Amino acid sequence: MNDAFSKCHPLVNFLFFVGAIVCGAILQHPAYVAVGTVCGAVYYVLLRRSKAVKPMALMLLLALVMTAVNPVFNTRGEHVLFHLLGRPYTQEALVYGAALSGVLLTMLLWLGCYNAVLTGDKFTALFGSILPAISLLLVMVLRMVPNLMRKTRQIVGARRCVGKGTMEDAPTGEKLRGGVTVLSAMTSWALEGSIVTADSMRSRGYGATRRSSFMIYRMTGTDALVLTVMVLLLAVVITAVCLGQAAVAFLPHLTAAPVSWGVCAYGAYLLLPAVLHGKEALQWRISRSGI
Amino acid sequence: MKKSTAVTLLVFFLLIPAALYLGLQLPGRSYYLTATLIILEILVPFFLAFEGRRPQARELVVVAVLCAIAIASRVALPLPHFKPTIAVIMLAGIAFGTETGFMVGAITALVSNFFVGQGAFTPWQMMAYGAAGLAAGFFAQKGWLPRKPWALALFGFFAVMLWVGPLLDVCSLFLTPIQINRQTVTAIFTSGLVVNVVQASGAAATMLLLGRPLLEKLERIQIKYGMLSGGAH
Amino acid sequence: MAHFQIRNLSFTYPTAKGKESLRNVELTIERGEYVVLCGKSGSGKTTLLRHLKPMLTPYGQRWGEVLFNGVPLQSLSRRDQAAKIGYVMQDPDDQIVTDKVWHELAFGLESLGCEQKTMRARVAEMACYFGIQDWFHRDVANLSGGQKQLLNLASIMAMQPEVLILDEPTSQLDPIAASDFLNTVRKINIELGTTVIITEHRLEDIFPYADRAIVMDGGAVVADDTPRNIGKLLHQQQSEMFAAMPASVRAFYGAGGEGECPLTVREGRNWLSAAFPTAPQHSEMIAPALPEVKAPALSLRELWFRYEKDAPDVLRGVSADVPQGSIYAIVGGNGAGKSTTLKAVCGICRPYRGKVKVFGKNVEKYKSGELFGGCLAMLPQDPKSLFVKKTVREELQEMSRDGEKIAAVARLCEIEPLLDSHPYDLSGGEQQRSALAKVLLTEPKLLLLDEPTKGIDSFFKEKLADILCKLKAQGVTVVMVSHDVEFCARYADAVSMFFDGQILTTDTPRRFFGGNSFYTTAAARMSRHVFSMAVTAEDVVELYRKNRGEAQ
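Protein chains in written order, with our numbering: chain A, 1 to 291; chain B, 1 to 233; chain C, 1 to 552.
The shape of chain A in the complex, shown without the other chains:
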């Protein structure tokens, strides 16, 4: 994946997503929700290209269903659209459902982007200097899991070849027993191996002195600039929210604060990764055509 924002320092990535997801979870004002969803969708598509279509369709479907379901459980509201099983189905509840679903949609989209950008190694690098032991622990688990999965498959294969495998059509009890035997064998293998790992750590000086942490990611001038812009925009959004620009009440009737500059700042904040992405793509094209 060639994404400019993904190449930024993990701290920049992390803070951005915390901002985006927390704002997305709090802000229910329809304008903010719309901006959050659209910006999230734009970056999601930029990151995942054709692979974005299917999950996005599913998320949208979920949101639509939840929107439609909300008025069934919530009968408050002034404008009754129709009656369902003798209960009123109101316009306000529908709008409220739409806003809540939008909030969920925003969070899902930004979490999807988070997972694509902030990979496991960035996460551990981020906490490497603050929580060295925990960060090392995470790295070790990340190292061991694929290893154990491979060993587990080996055990399953080896047992099959001596007539101890479980068939696909075996009853559940037999499958469970077979699985637990495999699991038990894998546990032994992993635990015995871990003694070697501990030896290897100690022989390379683990615990001899206070650990330092090798930083593979370095904070560059661009990172600092992006971070500054991010913080400034977020400050504007918070100010706007504190001034009541995002105030909204859905029931019994819709009252929303008028759309103002706060939404623009919010949009600008959320579009930062997409802008960086676009800028880099453009520069690449220009520099290529220059040759």
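Read the hints as simulated data drawn from the structure, not as lab findings. Since we're looking at a predicted model, the values are computed, not measured. Certain hints may be false.
As the list claims (entries may be wrong) - The calculated lysine-lysine pairs, modelled on PhoX-like cross-linking and capped at a C-alpha distance of 25 Å, are:
(1) C/Lys-294 - C/Lys-405
(2) C/Lys-357 - C/Lys-405
(3) A/Lys-175 - B/Lys-83
(4) C/Lys-390 - B/Lys-224
(5) C/Lys-405 - C/Lys-470
(6) A/Lys-54 - C/Lys-309
(7) A/Lys-164 - C/Lys-357
(8) C/Lys-294 - A/Lys-164
(9) C/Lys-17 - B/Lys-224
(10) C/Lys-232 - C/Lys-546
(11) A/Lys-164 - B/Lys-224
(12) A/Lys-164 - C/Lys-365
(13) B/Lys-83 - C/Lys-389
(14) A/Lys-51 - C/Lys-309
Given chain A, work out where chains B and C should sit, using these hints.
Okay, now just chains B and C, sitting in the frame of chain A:
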């Protein structure tokens, strides 16, 4: 220890009330955010305590390998809904005590989501699993949990039914974009009940079959490590 | 001042009931020396090596002392001993701690609390020296065994140790990766002057370059001399260790050679050229052609397979016929698809085209349970993947309830004294035989072996060969996939070359290895200019003596 006690006090008397106050001030529906914030504040002292102990290589490796086993265990079983993960976590707690049990649970939840993608439920899962490991360790330390297959299985079943499942249900309740009232709460908890029963039976079955052998293996490793540590000094 | 000085060191493990694992070891190792430590497994090599690294020294009763640069080793600070004494272990996988190559390289430096700047410089240096740049950002899970072991070495060298201790570092690697690794170790010794102390099964690759060889037996040092003299000494003592010597040494002394013994293929060639200036009278070993295969035990027809839909084909039309009651070996490079072929026979991989017939019947047509119960069985590459119980006895009881059958198999595999041990407390060779016993309890008529000689020393190899020959005598057909050309040359009845997803040629070992000039045994490479079809040290000795008119 003093430092982590101070942090615990700080969390309970300052940070959690602050989070609650903040939650009330936030516009709109902010149950999820407030609760998540409180969960994170509970998790932090545990992590700091672990960090402050400056764990030895052995301790670190044991926690890591237990987490890895808990995560990788789902490959071993050819049954879709039976996940032995929680059982492994609780057995870790029983064998190595409350703190290790908690760490194994919390880290397992965090790292397994590195593989399937982090979700809004990650901190909740960390809390649920961590507490399950801690509780298993606590009951075992107090001698209330005999190391008999049936006792382990029962404990596993109720730990999932009464704690892990409901906590995750609360998370999905807070996340579901729907007005929270008696009807919706009932709907969510009922739909969660089926999953919880399956999960709890999975945990119970794993505890029943795997409990004793796994505890024996862990004991063997403790002896082997003990010998190794003797040689170091 | 000597680098290491071991003074009268004795050691007993707490569980050994008074049996000493090290007995009065007296040893001096000079700065910059390249020392190879040899001995059967269980002779105390690893125990001795671990005494040179305080962090890894086992717990138990100890007499005597170890001096490092003239001061007692125990008085070294943890930091110093971590940085100055590097220790590489056997298993390439379990030694790795972190998930990324770059992080693993930096691990030791992080532990020593190095500055960011120092770490960057050292990590970059190491990545360049070891040629790791191209996989610097990779996940360690995606590395090959050879790359993993190289990474372990690089990660230790980043701490700039004065001494490098290696405990059977290449036992889990294929021959090409192993000699790459050993060449790197040699380069470190020559270019950086690092002292190297190494134990190895594969003496062929080390012996010519080592300054000194130390032989251990029963916890005591029995010989300590230059490799050339060690060869002579072991021959004179008729030591069991002689079987582990390079082919040239075995051929030389086997033929009754006098004077300077050849250590390399080149020296061996020169020795034979000098012995036979003109073409010798008897220059060819008897090598009958492979007989036509009737009623094969296993027949493969045009197997095609790939792991994923868009991945390249691994098997590209594999065809073979394995005669009943023979030992059939498949050799070939890494990743050529040899192991995949065995998996295809067992149905772990399903070929999308082609047929596998076991004893004339299509494998698909066997009922479940019928195939793997008394017909076909496979010994996996790693014996650990078969261990599920607490003792070897329980492992065997998992397969069969018949006590007599278990006893018979245990006798055949020579694991009777090990029955009450935990499988993980056994040595590599013992684990191998225990796993084999487990497989044999299914009473297979067709036995598949995946790299059966991996990680086991020459004594265990001979034991394994004995077992295989006994099985063959009982009418069992053995198919093995192996990198070990020496083993295949000695014991197989037919050898197939696997390349590019197919079996290219099949022949008897003599014709096969006698015809190859690169992919062949050391004995063949050494003798092919005077003899033909002499593929083992024994063959060379036989022809040599025949020409000299000596009876066998």
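### Query
Is C/Lys-17 within 25 Å of B/Lys-224, Cα to Cα?
holds (17 Å)
**Request:** Could you grab the alpha-carbon distance between A/Lys-164 and C/Lys-357 and see if it respects the 25 Å cut-off?
**Result:** With a Cα-Cα distance of about 22 Å, the restraint between A/Lys-164 and C/Lys-357 holds, given a limit of 25 Å.
Exercise. Would you mind confirming whether the straight-line C-alpha gap from A/Lys-175 to B/Lys-83 stays at or under 25 Å?
Key: Holds, at roughly 13 Å.
Review point. Does C/Lys-405 lie within 25 Å of C/Lys-294 when you go C-alpha to C-alpha?
Key: violated (32 Å)
Quick one, are A/Lys-164 and C/Lys-365 close enough, alpha carbons at most 25 Å? holds (19 Å)
**Q.** Hinted pair A/Lys-51 and C/Lys-309, Cα distance within 25 Å
**A.** holds (18 Å)
Measure nothing beyond the straight line between the CA atoms of C/Lys-390 and B/Lys-224; if it is 25 Å or shorter, mark the hint as holding.
-> holds (15 Å)
For B/Lys-83 and C/Lys-389, compute the direct alpha-carbon distance and say whether it is at most 25 Å. Distance ~22 Å between B/Lys-83 and C/Lys-389 Cα, so the pair holds.
_Pair hint C/Lys-357 and C/Lys-405, alpha-carbon separation not exceeding 25 Å_ = violated (29 Å)
For A/Lys-164 and B/Lys-224, compute the direct alpha-carbon distance and say whether it is at most 25 Å. violated (30 Å)
- A/Lys-54 and C/Lys-309: Cα distance at most 25 Å? holds (21 Å)
Are C/Lys-405 and C/Lys-470 close enough, with their CA atoms no more than 25 Å apart? Judged against 25 Å, a Cα distance of about 16 Å means the pair holds.
The structure does not agree with the numbered hints 1, 2, 8, 11 stated previously, though it agrees with the rest.
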